[in-house]
Each structure stands twice: as C-alpha cells, then as structure tokens.
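4 protein chains.
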Amino acid sequence: MGKNRLEAFSDGVLAIIITIAVLGLRPPHGTSLAALRPVLPLFLSYILSFVYLGIYWNNHHHMLATVDRVTGGVLWANLHLLFWLSLVPFVTGWMGASKFAAGPTAVYGAVLLLAAIAYFVLQSLIVASQGEGSLLARAIGRDLKGKASPIIYVVAIAAAFLAPWLAGALYALVAVMWLIPDRRIERAFAAREEP
Amino acid sequence: MGKNRLEAFSDGVLAIIITIAVLGLRPPHGTSLAALRPVLPLFLSYILSFVYLGIYWNNHHHMLATVDRVTGGVLWANLHLLFWLSLVPFVTGWMGASKFAAGPTAVYGAVLLLAAIAYFVLQSLIVASQGEGSLLARAIGRDLKGKASPIIYVVAIAAAFLAPWLAGALYALVAVMWLIPDRRIERAFAAREEP
Amino acid sequence: MGKNRLEAFSDGVLAIIITIAVLGLRPPHGTSLAALRPVLPLFLSYILSFVYLGIYWNNHHHMLATVDRVTGGVLWANLHLLFWLSLVPFVTGWMGASKFAAGPTAVYGAVLLLAAIAYFVLQSLIVASQGEGSLLARAIGRDLKGKASPIIYVVAIAAAFLAPWLAGALYALVAVMWLIPDRRIERAFAAREEP
Amino acid sequence: MGKNRLEAFSDGVLAIIITIAVLGLRPPHGTSLAALRPVLPLFLSYILSFVYLGIYWNNHHHMLATVDRVTGGVLWANLHLLFWLSLVPFVTGWMGASKFAAGPTAVYGAVLLLAAIAYFVLQSLIVASQGEGSLLARAIGRDLKGKASPIIYVVAIAAAFLAPWLAGALYALVAVMWLIPDRRIERAFAAREEP
Chain A
2 MGKNRLEAFS DGVLAIIITI AVLGLRPPHG TSLAALRPVL PLFLSYILSF VYLGIYWNNH
62 HHMLATVDRV TGGVLWANLH LLFWLSLVPF VTGWMGASKF AAGPTAVYGA VLLLAAIAYF
122 VLQSLIVASQ GEGSLLARAI GRDLKGKASP IIYVVAIAAA FLAPWLAGAL YALVAVMWLI
182 PDRRIERAFA AREEP
Chain B
2 MGKNRLEAFS DGVLAIIITI AVLGLRPPHG TSLAALRPVL PLFLSYILSF VYLGIYWNNH
62 HHMLATVDRV TGGVLWANLH LLFWLSLVPF VTGWMGASKF AAGPTAVYGA VLLLAAIAYF
122 VLQSLIVASQ GEGSLLARAI GRDLKGKASP IIYVVAIAAA FLAPWLAGAL YALVAVMWLI
182 PDRRIERAFA AREEP
Chain C
2 MGKNRLEAFS DGVLAIIITI AVLGLRPPHG TSLAALRPVL PLFLSYILSF VYLGIYWNNH
62 HHMLATVDRV TGGVLWANLH LLFWLSLVPF VTGWMGASKF AAGPTAVYGA VLLLAAIAYF
122 VLQSLIVASQ GEGSLLARAI GRDLKGKASP IIYVVAIAAA FLAPWLAGAL YALVAVMWLI
182 PDRRIERAFA AREEP
Chain D
2 MGKNRLEAFS DGVLAIIITI AVLGLRPPHG TSLAALRPVL PLFLSYILSF VYLGIYWNNH
62 HHMLATVDRV TGGVLWANLH LLFWLSLVPF VTGWMGASKF AAGPTAVYGA VLLLAAIAYF
122 VLQSLIVASQ GEGSLLARAI GRDLKGKASP IIYVVAIAAA FLAPWLAGAL YALVAVMWLI
182 PDRRIERAFA AREEP
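Chains as they are written, first to last, in our numbering: chain A, 2 to 196; chain B, 2 to 196; chain C, 2 to 196; chain D, 2 to 196.
In case anyone wonders, no lab produced these hints; they're calculated from the structure. Since we're looking at a predicted model, the values are computed, not measured. There's no promise every hint is true.
Same chains, same names: a pair is fine if it fits in one copy or spans any two.
[Said to hold, decoys possible] Mimicking SDA-like on lysine to any residue, the simulated pairs with C-alpha atoms at most 25 angstroms apart in a straight line are:
(1) K4 <-> F44
(2) K146 <-> I56
(3) K146 <-> G73
(4) K100 <-> V71
(5) K4 <-> A176
(6) K146 <-> A35
(7) K100 <-> L136
(8) K148 <-> P29
(9) K4 <-> T72
(10) K100 <-> H30
(11) K148 <-> E133
(12) K4 <-> A170
(13) K4 <-> I181
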C-alpha cells in the first residue's frame with residue numbers, strides 16, 4: 002500500500018479534529034463584550050489544543066515524508082494515534098468549561114500523554130520497517146523532545162491536583178519546545194543527498 | 002471515471018464519520034474524575050465504532066486498490082455503503098447513552114449488518130465488473146470473514162434482547178476477527194506479479 | 002487555475018454536508034425500539050437528502066471531467082452551488098422535525114430549486130468557457146432532466162401547502178429520475194475518441 | 002516540504018469551517034414560514050461569512066500557486082491564518098443570534114481584522130522566501146485591497162458601537178471589493194511566460 006491515501010486520510014481527520022474543537026465555543030448569551038469573559042478559559046484551552054494539533058500535523062507530515070511503503074502495523078499504529086487525538090476536542094471542552102479545574106486538567110494531560118505514546122509507537126514501527134540505516138532513525142537521533150514530553154506530561158498530571166495553572170503552564174511549555182524549529186528531518190534528507 | 006475522486010470522497014466521508022462520532026462525547030458537568038463515570042459507556046461504544054470504521058477504511062482501501070475503472074453501479078454501491086456507515090455516530094450515541102440497553106444495542110447491530118451487506122454488494126459489483134480472473138475475486142477467496150460477520154451480527158441482534166453484554170461481546174469479536182492481519186489482497190497482488 | 006484544487010475543495014464540502022446532515026438525528030431518549038418512531042420522519046428526510054447530495058456529487062464529478070481550465074466565474078458559480086447545498090442539512094432537519102409540515106416542506110423544495118438554478122448557472126458558464134463544440138454542451142444535449150427538475154420543484158412547493166406528502170413524493174420522483182443511469186457524458190467522451 | 006499536503010490540509014480546514022458555520026442555523030421550532038423570521042439575522046450573518054471564507058479560499062489558492070517550497074515559517078503562518086478563520090463560525094453565530102448587536106458585531110470585525118493580519122504575515126513570508134524578483138511580490142503590486150481592508154475593519158469595529166448596521170455594511174463592502182475580479186496573479190503568471 003502506498004502512503005498517499007494514508008496521508009490524505011490522516012490530513013482529513015486532523016483537519017476535522019482541529020476544526021470541531023471550536024464547536025465547543027458556543028456563542029455566549031449576552032451581547033456585551035463582558036459576555037465573552039466566561040468563554041475565556043475555553044478559548045485559552047482551544048488555543049492550546051490548536052497549537053498541539055498543528056504540531057502533530059507538522060511532525061506527522063515530516064515523519065511520513067521518510068516513508069515509502071505502509072505496512073499493516075503502521076496503518077493501525079496511525080489509527081491508534083488518531084484515536085487519542087480525536088479525544089482532544091472532548092478534553093479541551095471539559096478543561097475549558099471547568100475553568101481549568103484539577104480533574105479535567107489532569108485528564109487533558111492524560112490524553113496528551115497517550116497521544117505521545119501512540120506517536121512513539123508509530124515512529125518505532127516506521128523505523129523498524131525501514132531496517133538498518135533508517136532515514137527516520139537518523140533524523141530523530143536521540144529524540145530528546147520525544148523523550149522529555151511524556152515525562153513532563155506525567156509531572157503536569159500530578160501537578161494538576163495541586164495547582165492546575167502549573168499543569169497548564171507545563172502543557173504550554175511542551176508546545177513551545179516543539180514549536181522551536183527543529184530541522185532534524187530536513188538535515189537527514191540533505192545528508193542523504195550529499196555524496 | 003477514474004477511481005481517484007471516488008477514493009478521495011470516500012476518505013473524506015469516512016474521516017468525518019470517524020471524527021463526528023466523538024461529538025457525542027459531551028464534556029461532563031462535574032469536575033471530579035468521578036464525573037467521567039457516566040461517560041464511560043459512551044466511551045466504550047465510541048472505541049468500538051472507531052475500530053469498526055478503521056477496519057472499513059482499511060478494507061475499502063485494499064478493495065479499491067484492485068479497481069481500475071469505476072462504473073455507475075460501483076459508484077452508487079459505494080454511496081450506499083457510506084450511507085449505512087454515516088448512521089454509526091447516531092447508533093453509537095444511542096447505545097452509549099442508554100448504557101447498552103437492549104433496543105439500542107440491537108439497532109447498533111442492525112446498522113453493522115446493513116453496512117456489511119452494502120459492503121458485500123459493492124464487492125460483488127467490483128468482482129463482476131472485473132470479469133473472469135478478477136483480481137479481487139482471487140484475493141477474497143472463499144471470503145470466510147465476510148460470510149461469518151453477518152451471521153454473528155444476526156445472532157448478536159437476537160442476543161441483545163436477552164443479554165446486551167453478550168451482543169457487545171459479539172460485536173467486539175467480529176472487530177477482533179477483522180483486525181487479525183489478513184494478507185489476502187497483498188498475496189493476490191504478489192501472485193499476479195510472479196511469473 | 003487548474004481544476005484539481007476546485008474538485009478537492011468541492012469534494013470536501015460535499016462530504017461534510019452529506020455527513021453533518023446526520024448530526025440532526027439525535028439519539029432518542031427512550032431505550033425501546035418504539036423510541037425510534039419520532040425519529041422516523043427525520044430519518045426519511047435524511048435519506049432523501051443523502052440521495053440528492055449523492056446525485057449532485059456524481060453529476061458535479063462528471064461535469065468537471067469535461068473541464069480543463071477553471072475561470073474566476075466558474076469558481077464563484079461553484080461556490081454559489083455549494084452555498085445552497087450547504088443549507089440542505091438545515092432544511093432536512095426542519096422538514097424532518099416538523100414531520101413534513103407544509104412550511105418546512107416547501108422551504109426544502111425552495112432550497113432544491115435554488116441549488117438546481119445554481120447548478121444550471123455553473124453548467125452554462127462551463128459551456129460558455131469551452132466555446133463552440135463544447136464537450137459538455139454535446140454531453141447534456143437537450144438537458145431534459147435539467148429542465149424538468151426546476152418545474153417539478155415549483156409544482157412541489159405549491160403542492161406542499163395543499164398536501165405535503167405530495168411534495169415529498171415529487172422530490173423523491175426527481176431523485177429517482179436522476180438515479181436512472183444516464184450515460185450522456187460517457188457517450189460524449191466516447192464519441193470524441195472515435196475517429 | 003512540498004506544498005501539496007499544505008494545500009490539501011488548508012482546503013480541508015477551510016471546507017470544514019465554511020460548512021460547520023451552517024450548524025449554527027438550528028431548525029426553528031414553529032412550522033410556519035414566519036418561524037424563519039428569527040433565523041434571518043443568523044442567515045444574513047452566515048451568507049457574509051460564506052462569502053468571506055470563499056474569498057479566503059480563492060486568494061489562498063492563488064497565492065500558493067506561486068509557491069514552490071514551503072518553509073517552516075510559512076507552515077506556521079498558514080496555521081495562524083487558519084486559527085483566526087476557525088473562529089469565524091463562532092463569531093458568525095454570536096453576531097447572528099444577537100441580531101447584530103454592537104458587541105458581537107465588533108468582535109466579528111476583530112476576527113476579520115486578525116485574519117487579515119495573519120494573511121498579510123503569510124504573504125510577506127512567502128515573498129521573503131521567494132527572494133528578489135518574487136512572482137508573488139509582482140502579482141500583488143501595491144496591494145491596495147490588502148492595505149485598505151484592515152483600515153476599513155478598524156473603522157467598522159468603531160462604528161459597531163454607534164450603528165451596528167454601518168459596521169455590517171462595511172464588512173459587506175470589503176467582501177464586494179474582493180469579489181470584483183482581480184487578475185493580478187494570472188497577469189503575473191502570464192507575464193512570466195512571455196518572452
């Protein structure tokens with residue numbers, strides 16, 4: 002199986018997830034600008050999820066650029082990742098509506114953690130399918146970000162029960178960490194093309 | 002008509018169906034973790050549907066890989082399949098919200114049964130359009146899974162009125178049966194390429 | 002501008018419209034099969050709209066197959082068509098929820114009428130852009146179906162205020178009329194390829 | 002990174018945004034035609050947003066036609082634009098439900114303003130990435146429309162608090178301004194192909 006239809010399907014699912022999360026933002030009942038205040042936590046929560054989903058789309062795109070053939074295992078690992086990401090609108094809405102209460106904020110982190118694990122499984126299967134000298138393996142190198150993120154999520158989940166704002170700050174920290182440009186895959190591609 | 006736009010449209014519809022099913026998961030009102038308990042049946046129901054839709058997407062993809070030209074009949078048989086699959090979010094929501102009550106659990110099975118029949122019709126039309134020596138016909142062989150699934154659905158629909166959990170277990174059984182790798186179509190492709 | 006992105010965007014919008022119409026089907030509150038009875042009018046209404054959107058997707062697909070280049074006018078005529086089709090879920094929900102009351106049934110027909118006019122405008126712009134000997138012009142020929150449909154819609158809209166079931170029957174009639182295979186465009190393509 | 006997947010993802014998100022805005026149009030409770038009257042402001046608000054999103058899709062399409070390679074900066078600038086556009090259904094619903102009250106009408110303009118700024122940032126990054134003699138830079142020329150729009154939005158936002166209908170008229174004016182055919186990019190392409 003070629004990878005085009007897998008990419009197209011993943012793009013479709015990610016585009017829908019990123020967009021339906023906004024459906025949680027219901028128009029407020031009042032008409033004054035102050036009526037927007039209760040929507041604010043939900044809006045912050047939506048921004049955070051939008052950035053995370055953008056990062057996943059971006060990294061997913063780069064990872065698949067190294068893939069030539071898709072095995073059955075890769076296909077299901079990809080669906081497994083999309084499953085956890087599909088829960089993001091649900092936990093975004095709950096965390097926002099609860100104004101970052103402890104429980105929903107911890108559950109938000111749990112979904113991020115499970116998505117990160119699913120991404121790691123997918124990445125490992127692709128590396129395994131590429132065999133020795135895997136382009137992706139060279140591209141991710143020691144994968145510091147990939148290893149640090151789940152640890153920070155676990156810390157944030159625990160922190161949510163003490164100080165939810167700290168958990169929120171840690172989620173934002175991981176997002177910023179991934180936003181900082183990271184040319185690993187481009188570099189690996191370039192290295193391959195050099196003589 | 003080529004098959005690209007048919008694939009793209011089907012992928013789009015399946016991506017949306019798989020994603021809007023999650024809209025049934027409304028954020029709970031409480032903020033404690035216990036507030037998630039009432040959502041649990043809906044969550045289980047969502048997982049089951051996600052797996053089923055993933056299997057349909059996967060099988061649909063493999064089936065269309067054997068197709069070169071799309072006839073009008075194939076096009077409408079495909080829309081007929083998408084119609085029954087589009088009802089999955091509705092029955093998922095009903096079964097989950099009712100905590101797997103007899104009626105909704107039976108109706109869930111009825112939709113699975115009708116989707117399976119629609120898939121069979123689509124498959125038969127493609128085989129017929131390929132004529133003798135059909136690649137797809139060789140790929141599906143005796144089609145044991147395809148024949149067993151509707152029988153199990155019928156049993157499960159009847160079982161739902163006696164013990165809904167048994168129906169649920171049978172639906173999960175069919176899903177697991179399809180998840181077990183099945184290299185029929187790859188094998189048929191490989192056989193064709195051999196001398 | 003090439004037509005690929007226009008097709009992809011139209012497919013995306015049509016896939017979403019066809020799928021979100023089902024969101025109007027809310028899980029019933031009861032758990033008996035009888036609880037489905039109030040959903041029945043909405044379900045019938047949904048089937049009708051699904052078939053109409055399938056026909057539009059199908060015809061749109063064939064029409065664009067004759068197009069090589071997309072002008073600004075064609076692009077906006079296409080968006081105009083998508084606008085009226087995007088109202089289908091709204092009028093489907095209203096007609097179904099009202100159990101085919103006069104007003105909503107007439108408004109449903111009005112949206113079908115406006116979509117048919119938008120389709121006619123799009124078709125005319127494509128024919129004009131192809132100049133003399135237009136492939137599409139030969140394909141549609143006298144366009145009996147295209148001319149009969151708006152007339153039947155107008156009759157049905159008037160009939161809705163006397164007997165809504167008659168309007169519903171007329172909408173179904175037009176759908177059946179279009180479902181009957183119609184190989185005009187294939188024939189025109191074949192004719193072009195013949196010496 | 003090639004631009005195909007960026008285009009496909011943007012098309013997907015725009016198709017979903019343009020379509021879910023219509024979900025705000027809930028079927029009215031009555032069954033008479035008069036029951037549509039309260040939906041009218043929402044309907045007008047939906048038309049306006051549909052046209053805006055159509056313009057964005059159209060311009061986005063033309064702009065990307067000049068791009069060969071997508072940098073990380075362009076990718077995130079594109080997601081930034083999609084973020085503000087994803088808020089359009091929310092502000093459309095609020096403005097419509099409030100019957101064009103001052104606050105929601107001003108917030109609608111603020112989202113349009115932020116989307117326009119995001120579009121400008123994306124355009125500037127593309128021009129910068131193309132270096133001297135940028136095809137896009139020649140195509141946009143002095144970019145009068147691009148410069149006038151934000152100014153009109155700011156005026157409209159202020160006007161919303163005095164006379165919301167004036168703000169609405171100004172939003173419509175900007176839309177009409179962009180609808181008037183503008184062959185800048187086609188001309189630039191044509192100029193490039195000339196000797």
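These are the hints, each one checked on the structure:
For a Cα distance limit of 25 angstroms, the shortest separation of K4 from F44 qualifies neither inside one copy, at 35 angstroms, nor across copies, at 30 angstroms. Proximity of K146 and I56 under a CA criterion of 25 angstroms is satisfied intra-copy only: 13 angstroms inside one chain copy versus 32 angstroms between copies. Only between protomers do K146 and G73 lie at most 25 angstroms apart by alpha-carbon distance; the minimum there is 18 angstroms, versus 27 angstroms within a single protomer. Taking identical chains as interchangeable, the C-alpha atoms of K100 and V71 are never at most 25 angstroms apart, the minima being 42 angstroms within one chain and 38 angstroms between chains.
Taking the shortest Cα distances, K4 and A176 sit within 25 angstroms of each other only across copies (24 angstroms), while inside one copy they are farther apart (27 angstroms). For a Cα distance limit of 25 angstroms, the shortest separation of K146 from A35 qualifies neither inside one copy, at 40 angstroms, nor across copies, at 33 angstroms. Within a single copy, K100 and L136 get their C-alpha atoms no closer than 43 angstroms, and across copies no closer than 48 angstroms, so neither meets the 25 angstroms cut-off. In the homo-oligomer, the alpha carbons of K148 and P29 never lie at most 25 angstroms apart, since the shortest distance is 40 angstroms inside one protomer and 32 angstroms across protomers.
With identical chains, the CA atoms of K4 and T72 are at most 25 angstroms apart both within one copy (9 angstroms) and between copies (22 angstroms). Taking CA atoms no more than 25 angstroms apart as the test, K100 paired with H30 passes in both settings, with 18 angstroms inside one copy and 12 angstroms between copies. For the identical chains of this complex, K148 and E133 are intra-copy neighbours only, at 22 angstroms inside a copy versus 41 angstroms across copies, given an alpha-carbon limit of 25 angstroms. Taking CA atoms no more than 25 angstroms apart as the test, K4 paired with A170 passes in neither setting, with 36 angstroms inside one copy and 33 angstroms between copies.
In the homo-oligomer, the alpha carbons of K4 and I181 lie at most 25 angstroms apart only across protomers (21 angstroms), although the nearest pairing inside one protomer, at 28 angstroms, exceeds that limit.
The structure fails hints 1, 4, 6, 7, 8 and 12 (numbered hints given earlier, in ascending order).
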